[in-house]
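Peer 1: Sequence:
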Amino acid sequence: MLILGCGYVGSKLAAKCLTLGIRVKASVRNEEAAQLLRQQDLDVFCTEHPHQIPSAWLEDVEAIVDSIPLAYNAAREGKQIQSDFLPLLLQKLPALRWAAYLSSTSVYACSNGDWINEESTNFSKSPRGLERLKAEQAWLSALENTEVFRLAGIYGNERNIVSKLFAGDYKAVSWLPEHFSNRIHVDDIVAALIAAMQKPAPQRILNLADDYPCSHAAYAAELATLVGAPAPMILNEQEAKQQLSPAFLSFFKDNKRIDNKKLHAELLPNLQYPSFREAAPILFKHYKVNP
Numbered sequence: 001m002l003i004l005g006c007g008y009v010g011s012k013l014a015a016k017c018l019t020l021g022i023r024v025k026a027s028v029r030n031e032e033a034a035q036l037l038r039q040q041d042l043d044v045f046c047t048e049h050p051h052q053i054p055s056a057w058l059e060d061v062e063a064i065v066d067s068i069p070l071a072y073n074a075a076r077e078g079k080q081i082q083s084d085f086l087p088l089l090l091q092k093l094p095a096l097r098w099a100a101y102l103s104s105t106s107v108y109a110c111s112n113g114d115w116i117n118e119e120s121t122n123f124s125k126s127p128r129g130l131e132r133l134k135a136e137q138a139w140l141s142a143l144e145n146t147e148v149f150r151l152a153g154i155y156g157n158e159r160n161i162v163s164k165l166f167a168g169d170y171k172a173v174s175w176l177p178e179h180f181s182n183r184i185h186v187d188d189i190v191a192a193l194i195a196a197m198q199k200p201a202p203q204r205i206l207n208l209a210d211d212y213p214c215s216h217a218a219y220a221a222e223l224a225t226l227v228g229a230p231a232p233m234i235l236n237e238q239e240a241k242q243q244l245s246p247a248f249l250s251f252f253k254d255n256k257r258i259d260n261k262k263l264h265a266e267l268l269p270n271l272q273y274p275s276f277r278e279a280a281p282i283l284f285k286h287y288k289v290n291p
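Sequential numbering of the sequence shown, starting at 1, is according to the working numbering.
One or more hints might be untrue.
Stated by the list, open to error - Pairs of lysine-lysine, DSS-like flavour, derived with a Cα cap of 27 angstroms: (1) 92 x 12; (2) 12 x 262; (3) 241 x 16; (4) 79 x 125; (5) 125 x 253; (6) 262 x 164; (7) 16 x 171; (8) 262 x 171; (9) 253 x 134.
Think of the hints as simulated: they come from the structure by calculation, not from any bench.
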């Protein structure tokens, strides 16, 4: 397997694949990240341009997972690069049988809290959402055996708000009416990808989200209670506009519920972490060791 842009999700996937006896190669953009992955016994190539990876290094790759984030310029404008590198990269992958592109539920527009499944065509007009859609289409058009996974907000032991809650000054927004957000634990993402490799479906598009969409304010408040942290400061809309940056406020504004019925029907009948509640004890344990 080759993992392009092997970051948080990629490193967890690589670790699981190694336990299954799957040899893993990875590409990253900087040498510091490459060194960390080599400590996991991964074969790593450092480049900002995937098409520059040498053919000899790719000739035995049978599966590929593209986890490359949008490339941001100085103005923080994100752009997908798949349209540029895929035609050149795929020529160097004679053994390739399966590919996955890790997209985002940000491709969907705000739905005022309505449920959104994979058949929805209510796509976001935001630059990030549009670029993600372009990357999806680049993969689906370039290779028949491609699957696209639209990931909700990712959390895990090393990526969550527990430490921010314990800092005592965490802020969240209470909207009227309630705004829903969506999450998924990184371990369930990995489990879904492994299951998809074992039960491939060319051109499949799948939402990866847990079973419990809820408001970010409710999530933060209940998680604080579960781990024994100070309660977050819950702001109303006017207070939020005064105290939060526009970028942070836009994060809280999104309002949609991601339907995961297809995930359950085709890959994972049950999630290890159907909601953040099941994960809370492990998140707290990790925080106590790594505050």
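Peer 1: List in ascending order the numbers of the hints, as given earlier, that are violated by the structure.
Peer 2: 3, 6, 7 and 8
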